[in-house]
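Student: Sequence:
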Amino acid sequence: MESSHSFNSYSLLISSLLLALFFSCIATQCSDDPKVYIVYMGAADEHHSHLLSSHHAQMLASVSNSVESAMETIVHSYTRAINGFAAKMLPSQASMLQQMPGVVSVFEDYTVSLQTTRSINFIGLEDASGNTAANSLWKKTMGENMIIGVLDSGVWPESASFSDAGLPASLPAKWHGSCASSASFTCNRKVIGARYYGFSGGRPLNPRDETGHGSHVSSIAAGARVPGVDDLGLARGTAKGVAPQARIAVYKICWAVKCAGADVLKGWDDAIGDGVDVINYSVGSSNSPYWSDVASIGGFHAVRKGVVVVAAAANGGIGCVVQNTAPWVTTVAASTIDRRFPSNVVLGDGSLYQGSSINNFSLGNSFYPLVNGRDIPAPTTSPESAMGCSPGALDPAKAQGKIVLCGPPSVDFKDIADGLKAIGAVGFIMGNDADGKERLLSLRFTMPATEVGNTAANSISSYIKSSRNPTAKIIPPTTVINQKPSPMMGIFSCKGPNPVVSDILKPDVTAPGVDILAAWSEAADKPPLKYKFASGTSMASPHVAGLSTLLKSLHSDWSPAAIKSAIMTTAYTQDNTGKTILDGDYDVAGPFNYGSGHINPVAAADPGLVYDAGKQDYVAFLCNIGFSAGQIQAMTGEPGNCPATRGRGSDLNYPSVTLTNLARGAAVTRTLTSVSDSPSTYSIGITPPSGISVTANPTSLTFSKKGEQKTFTLNFVVNYDFLPRQYVYGEYVWYDNTHTVRSPIVVNAVSRLAIGEEKLVSEI
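Under mature numbering (1 follows the signal peptide of the UniProt record, and there is no 0), the letters of the sequence shown match residues -27 to -1, 1 to 737, in that order.
No lab work stands behind these hints, which were simulated from the structure alone.
These numbers come from a predicted model, not from an experiment.
Please note: incorrect hints may appear among the correct ones.
Said to hold, decoys possible - Calculated lysine-lysine pairs in the BS3-like style (CA-CA distance at most 27 Å, straight line):
#1 Lys147 - Lys588
#2 Lys679 - Lys278
#3 Lys113 - Lys147
#4 Lys278 - Lys588
#5 Lys505 - Lys231
#6 Lys503 - Lys231
#7 Lys278 - Lys394
#8 Lys387 - Lys446
#9 Lys678 - Lys112
#10 Lys438 - Lys371
#11 Lys61 - Lys113
#12 Lys394 - Lys446
#13 Lys113 - Lys278
#14 Lys387 - Lys371
#15 Lys394 - Lys231
Work the whole structure out from these sequences, hints included.
Tutor: As structure tokens, this is what we get:
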């Protein structure tokens, strides 16, 4: 009856919508091509979730021919934590659905892309000997009885990293999921759940990982201990996840490297309903408004259910913009560890140039003739085009038996290597385009090769020009640790500011994500690889997901926001030389690179104070960024009363403070909650951004018991006589005798002209 009544309530509305839409489509020339759209209707009603699928069909039928035809076009119904559906429909039908009561948003489906032997030691869980460090979080928990949901490309269940040896026979009581098992895929006590979604493109329909990405990510977060692991003989050691005793639930939302938004949202819905504790999402986002971005929607409903959400900040290099920016998500940038794989170049005159490479090829100790690719172009190729050594660009007769200097590349490195091998070259030196800076990403080569910085490449080129018989040898790569400076930001790691809500700093933190060795799919490469190096924010994110799992296991009463706060306020911003962390170009990095800084698991377990946030805090945030009361009520299932005067995104009780378009000044209020068992008094220290005065009221806070809350205000005043015309950075720190609770400050003030220069000058 309830479902039928809901259907009838739309009938009167539809007749009027059809007429209005008819004239609208005449004016806009609506397309008649059906597409997949996602209809998002907020939170699922736990007591009526069994009715939602039929309700979705009835809604779609009200703008189409019949319930039966509607059922045939529905791709997914979201019924467990999220209410909504994805279906193939006409744009005109999508427009009608958008205007129905209870619909938050309707948006066209889109695709997003997929984005540890030493890293565990680097983040302080093990000592230099590979044993659990004396103060390690592992002394207290290794993630027992916790479940990490991994939304990715599946898993290779036979990998030793997913062995269930030593795990309890019984599964956690909170687990409500399932395993899509078959003759070719089974779960165990480690991988306790596995689902798959979407069209396979002719591949077997199961949760098996065929790209390696999902297996890599899962093993970083929660892989079992596996000794004797290496890749091409490099970085040999014991692989293990950050939370090695945690269970893994796999949601295969991606086929190859592409992931359909409709499938992604279904994965979120199932992971939340299955009872996972933490979700790792090493996948991109659309950077659309939060009501039409599947990662933001899924993450919002996960956090409302107490699930911690961690996501990759995205990859792309210079100019790329951070993704997965919702404040309920912990967004993770990628940085290096202190391990390198040097593969140096020695010239015939004895000069040595530092290079980096991952390969197991050796030219021995012999010198080979050296030639510059631009000097040996094929007859139909210009010297400039030959520089990149693309297949077909070089004269085979002049490359045979030689080492070729190439770069910067214009095609994939494997294609370059394949092309050079085909014409008889014995190796190559790739000069990158990092303006003379070493690129902190060891590239995988399929022949003797190494990559050098631009300055080194220019010097090698000069040697070739000045020598009658230039020669060189490439020294095979080796593994070295304790390298400085470390960490450094990955050159590919995308940066802020936040493109969706600029008053929320993103990324939140950085974690190891460069040259990480972890489990791999044996179907991804020929010959098969069990473990492989990979780099990306995709690899950084599961480090933080694993850490979040440890913290949730240790502090079961902490909210997702409290766990996020603990990780952010205890992060560090100095490298192992004592200086500020550098970016991939060796320039000083800042909050737009690393957020609050590099994760520090030991400190995060005991942060002293946290910036907590719950349902009502996020409702107020949604009001402040422009959500309507109707949208909020549909999303949350609760009244969405927004105040007449809306605030800023920066009003959210967030562990960082960002003020964009600041005119004259502003006041920002924050609330701290004690998570310490001991009473304590904290004082504040402020390092203001250049040109900005920052004061606090009060300047000290006394907490007498655990759970006690205290509120303070930061007052910002712009001094236009000393203000640079750009973003400026600072920080404030609450500290007692034991804890340091640090938060970055980011400010971008508007110009004098924008607020009336004469009045401003008189006020100053």
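Student: Taking the hints in turn, state whether each one holds.
Tutor: Each hint, compared with the structure:
Of the supplied pair hints, the one linking lysine 147 and lysine 588 holds, its CA atoms being roughly 22 Å apart against a limit of 27 Å. Between lysine 679 and lysine 278 the CA atoms are separated by roughly 23 Å; this keeps the pair inside 27 Å, and the hint holds. For the hint pairing lysine 113 with lysine 147, the CA-to-CA distance comes to about 22 Å; that is within 27 Å, so the pair holds. At roughly 10 Å between alpha-carbon atoms, lysine 278 and lysine 588 fall within 27 Å of each other, so this suggested pair holds.
Of the supplied pair hints, the one linking lysine 505 and lysine 231 holds, its CA atoms being roughly 21 Å apart against a limit of 27 Å. Note on lysine 503 and lysine 231: the hinted pairing holds, with a Cα-Cα distance of about 23 Å set against a maximum of 27 Å. Simply put, lysine 278 and lysine 394 have alpha-carbon atoms about 55 Å apart, too far for the 27 Å limit, and the pair is violated. The straight-line distance between the Cα atoms of lysine 387 and lysine 446 is roughly 21 Å, inside the 27 Å bound, and the hint therefore holds.
With a CA separation close to 26 Å, the supplied pair lysine 678 and lysine 112 stays within the 27 Å bound. Between lysine 438 and lysine 371 the CA atoms are separated by roughly 16 Å; this keeps the pair inside 27 Å, and the hint holds. Simply put, lysine 61 and lysine 113 have alpha-carbon atoms about 50 Å apart, too far for the 27 Å limit, and the pair is violated. Of the pairs offered as hints, the one joining lysine 394 and lysine 446 holds, with about 17 Å between alpha carbons and a cut-off of 27 Å not exceeded.
Taking the CA atoms of lysine 113 and lysine 278, the gap is about 25 Å. The hint holds against a cut of 27 Å. Restraint check: the Cα-Cα separation between lysine 387 and lysine 371 comes to about 21 Å, which is no more than 27 Å; the hinted pair holds. Distance restraint check for lysine 394 and lysine 231: the Cα-Cα separation of roughly 31 Å exceeds the 27 Å cut-off, and the hinted pair is therefore not satisfied.
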